[in-house]
Each structure stands twice: as C-alpha cells, then as structure tokens.
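Fit chain B with the ligands to the known structure of chain A by using the hints.
Single-letter residue listing:
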Amino acid sequence: MPTYSIKINGKQQTVNVSEDTPLLWVLRDQLNLVGTKFGCGIGQCGACTVHINGTAMRSCSTPISVIADKEVTTIEGLSTDGLHPVQEAWKEVDVPQCGYCQAGQIMTASAFLAKNSSPSSEEIKNAMHGNICRCAAYNRIHKAVEVAATKLV
Amino acid sequence: MSDKKITFSRRNFIRTSSLASGGLLIGFNLFNSCKPNAKAPVDLADLDYKDFNAYIKIAENGAVTLFSPNPEIGQGVKTAMPMLIAEELDVAWSNVNVVQGDLDTVNYQRQVAGGSQSIRLGWEPLRQTGATARQMLVNAAAARWGVDPSSCTTKNGVITNANGDTLGYGEVVTEAAALDVPENVSLKHPKDFTIIGTDAVNVDIDKIITGKPLYGIDYKADGMLYAAVVRSPAFGKKLVSFDASEAKASGNVIDIIEFDNKIAVLAKDTWSAFKAKKTIKAEWSIDTPLESTEDHDKILKKLLQDKEAKVLREDGNVDKAFAEADKILERIYEAPFLPHNCMEPMNFYANVTADKIHLVGPIQTPQRTATTIASNLGRKPDEVHLEMTRMGGGFGRRLYGDFAIEAATISNLAKKPIKVVYSREDDMTAGIYRPASKYKIKAAIKNGKITGYHLREAAVNGNMYGLIPNFFPAGAIENYKVDAANYQSKVTTGAWRAPYTNFLAFAEQSFFDELADELNVDRVQMRLDLLQKVKGTTDEKIEYSPERLENVIKLAVDKSNWGKTTANIYQGFSAYYCHNSHVAEVADVEVVNGQPVVKKVTCVIDCGIVVNPIGAENQAQGGVVDGIGHAMYGDFAFNKGVPSSKNFDTYRLIRMKEAPVVETHFVQNTLAPTGLGEPTLPPAGAAVANALKAVTGHRFTQQPFTKNPEHLKVQKKEIIG
Ligand code: FES
Ligand code: FES
Numbered sequence: 013m014p015t016y017s018i019k020i021n022g023k024q025q026t027v028n029v030s031e032d033t034p035l036l037w038v039l040r041d042q043l044n045l046v047g048t049k050f051g052c053g054i055g056q057c058g059a060c061t062v063h064i065n066g067t068a069m070r071s072c073s074t075p076i077s078v079i080a081d082k083e084v085t086t087i088e089g090l091s092t093d094g095l096h097p098v099q100e101a102w103k104e105v106d107v108p109q110c111g112y113c114q115a116g117q118i119m120t121a122s123a124f125l126a127k128n129s130s131p132s133s134e135e136i137k138n139a140m141h142g143n144i145c146r147c148a149a150y151n152r153i154h155k156a157v158e159v160a161a162t163k164l165v
Numbered sequence: 003m004s005d006k007k008i009t010f011s012r013r014n015f016i017r018t019s020s021l022a023s024g025g026l027l028i029g030f031n032l033f034n035s036c037k038p039n040a041k042a043p044v045d046l047a048d049l050d051y052k053d054f055n056a057y058i059k060i061a062e063n064g065a066v067t068l069f070s071p072n073p074e075i076g077q078g079v080k081t082a083m084p085m086l087i088a089e090e091l092d093v094a095w096s097n098v099n100v101v102q103g104d105l106d107t108v109n110y111q112r113q114v115a116g117g118s119q120s121i122r123l124g125w126e127p128l129r130q131t132g133a134t135a136r137q138m139l140v141n142a143a144a145a146r147w148g149v150d151p152s153s154c155t156t157k158n159g160v161i162t163n164a165n166g167d168t169l170g171y172g173e174v175v176t177e178a179a180a181l182d183v184p185e186n187v188s189l190k191h192p193k194d195f196t197i198i199g200t201d202a203v204n205v206d207i208d209k210i211i212t213g214k215p216l217y218g219i220d221y222k223a224d225g226m227l228y229a230a231v232v233r234s235p236a237f238g239k240k241l242v243s244f245d246a247s248e249a250k251a252s253g254n255v256i257d258i259i260e261f262d263n264k265i266a267v268l269a270k271d272t273w274s275a276f277k278a279k280k281t282i283k284a285e286w287s288i289d290t291p292l293e294s295t296e297d298h299d300k301i302l303k304k305l306l307q308d309k310e311a312k313v314l315r316e317d318g319n320v321d322k323a324f325a326e327a328d329k330i331l332e333r334i335y336e337a338p339f340l341p342h343n344c345m346e347p348m349n350f351y352a353n354v355t356a357d358k359i360h361l362v363g364p365i366q367t368p369q370r371t372a373t374t375i376a377s378n379l380g381r382k383p384d385e386v387h388l389e390m391t392r393m394g395g396g397f398g399r400r401l402y403g404d405f406a407i408e409a410a411t412i413s414n415l416a417k418k419p420i421k422v423v424y425s426r427e428d429d430m431t432a433g434i435y436r437p438a439s440k441y442k443i444k445a446a447i448k449n450g451k452i453t454g455y456h457l458r459e460a461a462v463n464g465n466m467y468g469l470i471p472n473f474f475p476a477g478a479i480e481n482y483k484v485d486a487a488n489y490q491s492k493v494t495t496g497a498w499r500a501p502y503t504n505f506l507a508f509a510e511q512s513f514f515d516e517l518a519d520e521l522n523v524d525r526v527q528m529r530l531d532l533l534q535k536v537k538g539t540t541d542e543k544i545e546y547s548p549e550r551l552e553n554v555i556k557l558a559v560d561k562s563n564w565g566k567t568t569a570n571i572y573q574g575f576s577a578y579y580c581h582n583s584h585v586a587e588v589a590d591v592e593v594v595n596g597q598p599v600v601k602k603v604t605c606v607i608d609c610g611i612v613v614n615p616i617g618a619e620n621q622a623q624g625g626v627v628d629g630i631g632h633a634m635y636g637d638f639a640f641n642k643g644v645p646s647s648k649n650f651d652t653y654r655l656i657r658m659k660e661a662p663v664v665e666t667h668f669v670q671n672t673l674a675p676t677g678l679g680e681p682t683l684p685p686a687g688a689a690v691a692n693a694l695k696a697v698t699g700h701r702f703t704q705q706p707f708t709k710n711p712e713h714l715k716v717q718k719k720e721i722i723g
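Here the protein sequences line up with chains A and B, keeping their order. Last residue of the first sequence? That's 165 in our numbering, and every number before it is there in order. Last residue of the second sequence? That's 723 in our numbering, and every number before it is there in order.
The shape of chain A in the complex, shown without the other chains (with noise of 0.2 Å):
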C-alpha cells in the first residue's frame, strides 16, 4: 500500500492506504479528525467539507493521491479555540439541531466568506445550496452566515 505523506491543519502526517481512498476515510479512520463528517459519499451533501488550499472541497470524493502537496484544514483546525468567527456566529445564532452538518456548513460558510466578506442574501443561498442540513436549520446557518460576515470585518 502506497505511503502518503499529507499536510493536515499545519502538520505533516504520513498514512498508508490505497490510492483511491477518499481523504474523509483518510481523517476519520487514519489520522482520528472525525469531525469532518460522511454524509452521501457522492459529493452530494456536504458533511465532509474540508478546506483544500483554503478552497472547500469535498473529502469524500477527493482521492488521497491528489492532495500530495496541498494543505487541508479540517473543522479541528479551523481554529485552535473554536473561536473563528464562523464558529463564534454558530454559536451566538445557536445553529444546531442535531448538529451533524454543522462542520461541513461552518467548513463551507468559512471558505465562502474568506472570499466574500460582505455577501447578499442571495450570494450565503448559493454558496450555502449544496449542504444538506436534514433537521432543516437552514434560516439559522442564513442568520450565523450573516453574522459571521459582520465579525469578520
């Protein structure tokens, strides 16, 4: 099996397992980061968001061999005190039902707004479509997209 020498939340870490497995199983059953989360396996959900060279990607179908010398940062490494303004917004708004998604949203909600500080309410709907929240909490991660913004600037 093939060694992998990756960049995880600033630290370099070496796995060994085949080629075509998916960084999610990577993180969460090699490296223990179970925060990002298996939703669908096929893109489709957005539970495993993790930043890839700061851009949010989907671990499930991003293979382990393409992530050679690009840097992950996973919801473990957001923040080392849980207190990026993402997080802080999640909070405050208290955005969580059962909370599963909630990574993959706040993994999603960071990346778009490094990008777009001060984005409409129809900009947080794009860049928020493609993250299935099942308990529905989708007027709250609207509200905590929008108050992240306001802390960010």
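Just so you know, the hints here were simulated from the structure itself, not pulled from any lab data. Careful: at least some of the hints might be erroneous.
[Claimed, not checked] Coverage of chain B stretches by chain A, computed from C-beta distances (three or more under 8 Å per stretch; other residues unrestricted): (1) 135-146; (2) 391-403.
[What the hints assert, rightly or not] Beyond 10 Å from chain A on every Cβ pair, some chain B residues (computed): (3) Arg129; (4) Ala180; (5) Lys214; (6) Thr272; (7) Phe276; (8) Pro291; (9) Glu310; (10) Glu316; (11) Arg426; (12) Asn463; (13) Thr495; (14) Gly631; (15) Lys659; (16) Asn710.
[As the list claims (entries may be wrong)] Pulled from the structure, derived: some chain A residues nowhere near chain B, Cβ distances all over 10 Å: (17) Ile18; (18) Lys23; (19) Asp32; (20) Thr33; (21) Ser91; (22) Gly111; (23) Pro131; (24) Ser132; (25) Lys137; (26) Asn138; (27) Ile144; (28) His154; (29) Val159; (30) Ala161; (31) Thr162.
Ideal Cβ positions, reconstructed from N, Cα and C, are used throughout, including at glycine.
This is chain B with the ligands only, laid out in the frame that chain A set:
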C-alpha cells in the same frame, strides 16, 4: 381536552449520598419510585442507571452537574430538561454542566420518551426533583443557623436567612446529604421563573462547532473492525449463495461473516469495507412475490373503496347524512413511502465477549434493543452494557434497533469488536420507511352546511394510532366517521416524524380549503365556525382544545397579514393539532421568474410554556421546512421490491435556496409544555398546497408536488382574477 397530567409517586424517587470526593449526589427517578434498597453511590465512578435515571451533583464549590444517559436526537431536550431542574434548584444556568452518562444495564428504569413527548412527561418530575434538592440544602442551612427553613430564601445557589446571613449551596452539601429527603415541596409559580423561558444554547454547542467526537459514527475502540453489510437488493429476496473471494483477497479485509440472510465484510477501515463489499457476488432467490408501488397503489385504492373498514370513531349517522345530502365532496389524497435519511447514517458498535456485551451507538430505544440482543444471543440482560451517543438525526428511524442487532450478531460470530457502518445507499435502501398511505375524505353538504364527514385511511402495514380519530374535526360535525384498512407488505415501515399526521394533516387541511370554496365561505371563518361547536364538549375523547386551536388560527391571521398582502403574494392556510400542541400556518408563495416560490411561512404554535425559546424556534422552523421539503420533493417507490433511490443524487431533500423564511410566534401561556419537535411539520404541506392552488390553479392531492411539473406552472393572471 382530557386531563393529561402525569401522576407519579413523589415519595421515594430521590436518594442522596455524600460523595467521597466531596459534594452532594442526588440520584433520582423520573417516573417510578426507587427500589427500596437503592443507594446513591459515594463515588462518581460508580454511577449507574440501574436504580436511578439521572443524578445531580452539587460540588463543594457550588457547581452543579447533571448526569443523564438520555441522548439527544436534535430536538433540544438535552438542553431543555436540565433547565427545569436548574429552575427549581435555583442555581444560575451558567453554573450547570450536563454530562451524558452511559446506560449501564437493561434494568435501567425507564427511558425518557423520545422526541416531542419528553418535555411534557418530564415537566413535573424534573421540577420536583430540583425543588426537593433545593429544600434539602435549605434545611441543612437552616439547621446550622438554628432557624426555621421557611424563613430562608434562595437565589443563584445562595441561601439567605432573615438576618441576611448567607450560605452557598456548596457549603452545606455535606450536611444536606445526611438529612432525610423532604416529602412535600412546593414548586415555583411560573411568574417567578428565571431560567425557564430564557434562551439557553445547545449544551453540546462547543463540541459540535469544533468537531469533537460525539456521534455513534465517531466512536472507536481498540482492535475494532469496520463492518459493511450486503443486504438483500430487494424486499422479498433470500440469500442463496455468494462468492467473496475478491473481497477476501483485498488487503484490509479480515473476515467475511454470513448471518441472517446478509453478508458482513469486516475490514480495518471503513473505506476498505465499503469497497470490498461491492465486489461480493451474491445470488438471491425470490422468496415471495416482489412488490411494486403500482401494486400498492391499486391495493390501497381498493381499500379506500371497500364497503367496510375498521371503524375508529363514529358519531351520529353518517350514512343517513350522505343519503340526504344536497351535494357530496369527495377527494383522494396519496402519499409515497419515505426514507428517514438521518444525516448520520445508521451505525452501531458491538463487542460481544464471554462475560459482557458492550454496545455503543445512537439509539432511541436502548432498553428494548438491549433486551432483544440479550435474548437473541441467549445471554442474560444484565450482561448488556449499552452506551448511547448523540444522534445525527432521528425522525423515528432510531426507534428501531435493527442496526444494533446486526452489530451484536456480527460481533458474536466474528468474536471481535466491530462497528457496523451503513453507507448512504444502505441507509436509504434498508429503511424502515414512512408507510405509503391514501386517504379518502368525503363531506356531505346540505343547505349550505357540512352535515357529514367520512375519513377513510388505507395504509401499508398499519393504521393511525388510537388518538388521531379524536383530533379536529371530531366533535365539530354531527355525523362523523373515521375508519381504516391496511395492507401487509414485505417492505419494512415504521414511525416517521409525526407518524400518520405528517400526511393526514395535508389531506384534511387541503380538503377543508376546497370545502370552503365549495360552500363559498371564508376558509378561516369556516374552521372557526366548526370549532364553536366543540367548545364546552362533554366528549372526554376529544383530544384538542377548540379554544387553543381557535386562538392560534386567529393569531396566524393577524401575524401573517392574512388576506391583506400585496397582489403578488398568494397565501395558503392550514391549522392542525397533534402531539398535544396546536399550530396554525400561513404560507406566502410568490412568483419569481415565472415559478412559484414559497417565500415565507408564518407559524403560530401553542405548545404550552416555552422552556427554551431559542431552541424552540429552531425546532419549529425545522419542522415547517422539513414538512415543505418532503411535500414538495419527497418521492420514494419500489419496483419489484427494489427501492427507487439510493442516494441524494436521485432522492431530493430540501436545500437552502428552497427553504422559506419561517416566522414563528409562540402563544404565551403558563400551561405545561407539550410537543415541539413534531407538530409544526404536519400543517406545512397543506399551507403550501393551498397557496399553490391560488397560483397554479391546480389542487394538489398527491405528494410530492413536483411529481408532475405541469402542475406547478403559474396560471395566467386573468384566470386567477
Ligand atoms: S459525504 Fe461528501 S458530500 Fe456527502
Ligand atoms: S443539524 Fe441535523 S442535519 Fe443539520
């Protein structure tokens, strides 16, 4: 409404101990008395839930910790229930910490009811417990001061006597532990509440937003293998043989286990298990005729037309009313099967060893599941140790322990610790679905009045539970009948968020809208007029309160600007009672780029006193959006036993852009809290359908509404008028 007060024995439901490490421990039971010999442990390491179903620890520094094995499925009860204790205990909410305990044994007294009913059932007992603990602390302080306990007051964990001397709770915990448990304590008047009715964010929020392990799927144990299971590709097929040679040859696969008509692949990691599973070639025989949705449709339609069905409620003489009617309105409403699609796929950990069965995972029925597993494996119930995790959604699916039973069976055969993990495909195709159902509703009209009403239910595998026939409009129409029939299918079905009412409310509230048109009366006024007839009813069976339903309807009219909106907004109305709560909703649909779009829903809910408003709003909004999502898009069928969708590429769930703004209004009262997780869902579909009628001219009788895109075409303005 009949009196739904929960009675419980106040005596003997609390035991205390002085912790060896310092502090007071209170073990308590919510619904039953303690066993006579039950003792609260003196060491936190010995907490078990055999004799008590929760514990409160008050430390010497005054910090309060609540230990409870009750899991969270996303309905906020894990936050709301401790608030009730803290309120009566009179401590600052910020000083309260909630720790989820393990469920250690099947002797566990009773699992707090899942979902909507938890807060209703816990309302009195939890407050009683808090108040009793408070009284013990006061008694201890009063004894030290040599004063009458009734001369002392408490606030934020501090006891004050008439002289103004103060003692913190922590300072008297040791003495309190030695005192008898007082029997009669009084509860606060709602006007004195300082925690109930204030916003408390989710107790797990920090862990959720930083990605800490919380859910069953996050659980790991030493030596644990991951199990992916091959199940029958169609309902009604049996495993004949299989070839797993390719799977076995792949590096990380450790074992292949055949059990119960299924094959488990055990691997070192999830991905290897998922991948190897796909290489297994299995032969299946056809056990029974394979069922298709077409067949179900025909059978259910026939059941709707049969002369006889099981009568669930009958008032007056329905046959006579129809025979004498000037006009009869009759409609059929049709709902598909629905998968639950919890965001966290089903999973469970099991380690079956010679001396113990260790189970960990997301389950709403731990006791039943543990008992079944013990009996399946021929073991004693007290050998089972079950730990509940936070759940990534429930919606009814995790009431069923099938996935935990699978895990235990596999571990028992493999003699290894394993965790069964469902792929999304497994989760959607090995479901315990919302049963497909159809309703026929008939109204007899004479002299412009509704004189008769007949609701017939035809559903797969079962029928509405006993209370539903006594919901609105029972009692409002003189000649009234509800009857039901079902068809036993091989497709597994079960509870799905707001069982039965999730679709029945749509059928009935759509029918009422049409009935108002037929009678040429105002649709809201028609409902209010019907409710007048129920006021003062002596019928004990009537479940809802006509006054409370009337009140939410009137408030919804007011808050939604009903009938007074601008020309481009089309409104639909719906009101429903279920799970002991009364809800009215108005949907606002606008035409955007030639398409009807649900922009806003005004939701008025009477669920008694609102314990945690910030959590309650979240639940109510989620219920409405979930209801709209499934009414619009939720479609699931079977073709020769094979499910039509396997994943979210073909199964559509509502997403951000389709979700309306939900404006919630809670009726302010001090009545005992009732269900919140479910009751806002049922009325949502009809509110939208009734608004869509105004825009499209089409009267929706089938879900999902997107089934025929033609029906969603905006009608020309001049036709709507
Ligand atoms: S798990 Fe990756 S998108 Fe759903
Ligand atoms: S909070 Fe449950 S899926 Fe989003």
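These are the hints, each one checked on the structure:
Note: the segment 135-146 of chain B has 0 residues with beta-carbon separation from chain A under 8 Å; the three-residue rule is not met and the coverage is violated. Residues of the segment 391-403 of chain B lying with their CB closer than 8 Å to a CB of chain A number 6, which satisfies the three-residue condition for coverage. With a least CB separation of 24 Å from chain A, B/Arg129 remains clear of the 10 Å interface cut-off, as annotated. Distance check on B/Ala180: its Cβ is at least 41 Å (rounded) from any Cβ of chain A, clearing the 10 Å threshold; non-interface status holds.
The beta carbon of B/Lys214 sits about 7 Å from the closest Cβ of chain A, which is not more than 10 Å, so the claim that it is off the interface is violated. With a least beta-carbon separation of about 5 Å from chain A, B/Thr272 fails to lie farther than 10 Å from that chain, contradicting its non-interface assignment. The non-interface label for B/Phe276 is inconsistent with chain A: the shortest C-beta to C-beta separation is roughly 8 Å, within 10 Å. Separation of B/Pro291 from chain A is adequate, the least Cβ-Cβ distance of about 32 Å exceeding the 10 Å criterion.
Chain A leaves B/Glu310 outside its interface by the beta-carbon criterion, the shortest separation being 40 Å against a cut-off of 10 Å. Every CB of chain A lies more than 10 Å from the CB of B/Glu316, the least distance being 38 Å, so the non-interface label holds. With 10 Å as the threshold on Cβ separation, the claim that B/Arg426 sits away from chain A is violated: the shortest Cβ distance comes to roughly 4 Å. Chain A leaves B/Asn463 outside its interface by the beta-carbon criterion, the shortest separation being 24 Å against a cut-off of 10 Å.
At roughly 19 Å, the least C-beta separation between B/Thr495 and chain A is larger than 10 Å, which holds for a residue marked as non-interface. Separation of B/Gly631 from chain A is inadequate, the least Cβ-Cβ distance of about 6 Å not exceeding the 10 Å criterion. For B/Lys659, the non-interface assignment is contradicted: its Cβ lies about 5 Å from the closest Cβ of chain A, within the 10 Å cut-off. Every Cβ of chain A is farther than 10 Å from the Cβ of B/Asn710; the closest lies at roughly 24 Å, confirming the non-interface assignment.
At roughly 15 Å, the least C-beta separation between A/Ile18 and chain B is larger than 10 Å, which holds for a residue marked as non-interface. Here A/Lys23 stays apart from chain B, with its beta-carbon at least about 15 Å from theirs, past the 10 Å limit. Against the 10 Å criterion, A/Asp32 falls within the reach of chain B, whose nearest CB is about 8 Å from its own CB. For A/Thr33, the non-interface assignment is contradicted: its Cβ lies about 5 Å from the closest Cβ of chain B, within the 10 Å cut-off.
Distance check for A/Ser91 against chain B: the nearest CB is about 8 Å away, which does not clear 10 Å, and the non-interface claim fails. Distance to chain B contradicts A/Gly111 as a non-interface residue, since its nearest Cβ pair spans about 4 Å, not more than 10 Å. Listed as a non-interface residue, A/Pro131 keeps its Cβ farther than 10 Å from every Cβ of chain B; the least gap is roughly 13 Å. Every CB of chain B lies more than 10 Å from the CB of A/Ser132, the least distance being 13 Å, so the non-interface label holds.
A beta-carbon of chain B comes within 10 Å of the beta-carbon of A/Lys137; the shortest separation is about 5 Å. The non-interface label for A/Asn138 is inconsistent with chain B: the shortest C-beta to C-beta separation is roughly 7 Å, within 10 Å. Taking the minimum C-beta to C-beta distance to chain B, about 5 Å, the non-interface status of A/Ile144 is violated against the 10 Å cut. Its beta-carbon lying about 7 Å from the closest one in chain B, A/His154 breaks the requirement of being farther than 10 Å from that chain.
The non-interface label for A/Val159 is consistent with chain B: the shortest C-beta to C-beta separation is roughly 13 Å, beyond 10 Å. The claim that A/Ala161 is not at the interface with chain B holds, since no C-beta of that chain comes within 10 Å of its own (minimum 16 Å). At the 10 Å boundary, the C-beta of A/Thr162 stays outside the reach of chain B, the nearest C-beta of that chain being 18 Å off.
Checked against the numbered hints given earlier, the structure breaks hints 1, 5, 6, 7, 11, 14, 15, 19, 20, 21, 22, 25, 26, 27, 28 and satisfies all the rest.
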